[in-house]
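Chemist: Sequence:
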Amino acid sequence: MSLPAAKPSKPIIMLLSLSVFLGIVLLLIFSLSPQQDNTIREVEEYADILMNRELFPQAVDAYREALQRPGLSRVERARLNHIMATIYLDHLKDYANALARYEKVKQLAPKSTLGNDAEKKIIQCLEGLGRPLDAQVEMEESVALKPGESHKGRGPLVAKIGNREITLGEIEDRISQFPPALRNQFSKPEAKLKFLQEYVVTQLLAAAAKRKGYDTDPEVNRAAEETKKGLMVQKLLEDQIASKVAPTEQELRSYYSVHKQRYVVTKDGKTIGTKSFDMAKPEVQQDLLREKDQSQYQQLIQEQLKAQDVKIFSEQVAPASTQ
1 MSLPAAKPSK
11 PIIMLLSLSV
21 FLGIVLLLIF
31 SLSPQQDNTI
41 REVEEYADIL
51 MNRELFPQAV
61 DAYREALQRP
71 GLSRVERARL
81 NHIMATIYLD
91 HLKDYANALA
101 RYEKVKQLAP
111 KSTLGNDAEK
121 KIIQCLEGLG
131 RPLDAQVEME
141 ESVALKPGES
151 HKGRGPLVAK
161 IGNREITLGE
171 IEDRISQFPP
181 ALRNQFSKPE
191 AKLKFLQEYV
201 VTQLLAAAAK
211 RKGYDTDPEV
221 NRAAEETKKG
231 LMVQKLLEDQ
241 IASKVAPTEQ
251 ELRSYYSVHK
261 QRYVVTKDGK
271 TIGTKSFDMA
281 KPEVQQDLLR
291 EKDQSQYQQL
301 IQEQLKAQDV
311 KIFSEQVAPA
321 STQ
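Heads up: the sequence shown at position 125 corresponds to 125 in our numbering, and the numbers run straight through without jumps.
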């Protein structure tokens with residue numbers, strides 16, 4: 001006679017169930033997370049290889065595969081969408097797909113660096129799609145004033161470009177940046193009006209160029225950098241070279257005595273005499289200041305050449321036989 005099989009006790013059943021549950025959890029942790037990261041990393045590495053081969057449509061497909069992996073954060077999805085949008089825009093000139101991806105970036109990460117860049121690129125996409133009015137609206141919305149803010153400008157309003165206000169003070173500020181000889185040409189109202197019209201056209205064209213993304217064009221940036229260097233040098237020379245102290249009366253008279261032959265009175269193209277000191281004084285002061293500035297300029301150049309240990313290999317540019 002056989003004995004009936006013993007049934008496992010409830011504690012043993014619970015322990016076995018708990019062990020199975022913990023095993024499943026550990027399996028998920030070790031199988032999904034690292035493998036997930038490695039899989040996405042491998043896909044991105046593969047996409048980079050395709051990019052280097054200029055296989056841009058295939059690279060987009062690879063990034064799309066990475067984007068479909070489960071468990072991605074919003075930031076990670078925004079990053080992958082941004083990469084795909086950039087490929088569409090910069091390499092494939094597919095403005096429609098680029099626009100869609102940038103819109104997705106804005107939705108996923110609206111207040112991030114990626115989101116801010118997406119706003120700018122959306123304007124460029126709209127321009128590329130032949131929708132300049134939509135691009136202009138998007139640009140105006142992206143730089144819209146916050147509630148309670150207002151444009152501050154000096155003087156009366158003289159022009160408007162959409163929501164952009166241009167005041168008389170802004171125009172006068174621009175004119176004041178010209179050299180004196182050129183600045184004087186805008187003293188008459190008619191000339192100032194013409195400058196305003198040209199200024200408005202420049203703003204319109206600059207906005208159109210920005211919508212097309214030329215503000216980030218490498219060639220434009222290089223030219224802007226060279227212009228900036230020139231302005232910085234000009235400012236340096238004004239601060240360190242331009243004579244701040246007017247020559248004394250004795251210095252002016254001494255200079256006049258040495259260079260008296262320069263200051264002559266002419267009539268019908270013939271020299272009929274020499275100007276007196278009082279008559280030639282403005283010219284004497286200008287010439288003396290110019291010579292002082294030139295001397296200080298040469299001194300500054302020599303100081304900089306010595307301080308920076310500069311070597312100029314002139315023979316590589318102008319061989320001795322051609323000098």
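Just so you know, these hints were derived from the structure itself, not from any lab. Don't be surprised by glycine CBs; every beta carbon is placed ideally from N, CA and C. Heads up, some of the hints might be wrong.
[Said to hold, decoys possible] Below, a list of computed lysine to any residue pairs in the SDA-like style, where the Cα atoms sit at most 25 Å apart:
| id | residue 1 | residue 2 |
| --- | --- | --- |
| 1 | K292 | R253 |
| 2 | K311 | Q298 |
| 3 | K106 | F178 |
| 4 | K212 | Q298 |
| 5 | K93 | G71 |
| 6 | K212 | P132 |
| 7 | K292 | Q240 |
| 8 | K260 | P247 |
| 9 | K292 | E315 |
| 10 | K292 | P319 |
[Claimed, not checked] Ranges between beta-carbon positions, derived for each pair:
| id | residue 1 | residue 2 | range |
| --- | --- | --- | --- |
| 11 | A307 | A209 | 38 to 48 Å |
| 12 | T86 | K111 | 52 to 62 Å |
| 13 | A307 | F56 | 20 to 30 Å |
Chemist: A separate judgement is required for each hint: does it hold in the structure or not?
Modeler: Against the structure, the hints:
For a cut-off of 25 Å, the pair hint linking K292 to R253 stands: about 16 Å separates their Cα positions. Under the criterion of a C-alpha separation no larger than 25 Å, the hint pairing K311 with Q298 is consistent with the structure, at around 17 Å. As the CA atoms of K106 and F178 are separated by approximately 42 Å, the hinted pair breaks the 25 Å bound. For the hint linking K212 to Q298, the alpha-carbon distance of about 44 Å lies beyond 25 Å, and the restraint is violated.
Under the criterion of a C-alpha separation no larger than 25 Å, the hint pairing K93 with G71 is inconsistent with the structure, at around 31 Å. A C-alpha spacing of about 10 Å is found between K212 and P132, which places the hinted pair at or below 25 Å, so the restraint holds. This hinted pair checks out: K292 and Q240 have alpha carbons roughly 12 Å apart, not beyond 25 Å. Using a Cα cut-off of 25 Å, the hinted pair K260 and P247 holds, with the two alpha carbons roughly 17 Å apart.
Restraint check for K292 and E315: not satisfied, since their Cα atoms lie roughly 32 Å apart, outside the 25 Å limit. Straight-line distance between C-alpha atoms of K292 and P319 comes to about 34 Å, which puts the hinted pair past the 25 Å bound. As the Cβ distance of A307 to A209 is approximately 40 Å, the hint placing it in 38 to 48 Å holds. Range check, T86 to K111: about 20 Å between beta-carbon atoms, so the 52 to 62 Å window is missed.
Distance hint check: the CB atoms of A307 and F56 are about 49 Å apart, inconsistent with the given range 20 to 30 Å.
Hints 3, 4, 5, 9, 10, 12 and 13 from the list above are not met by this structure, while the remaining hints are.
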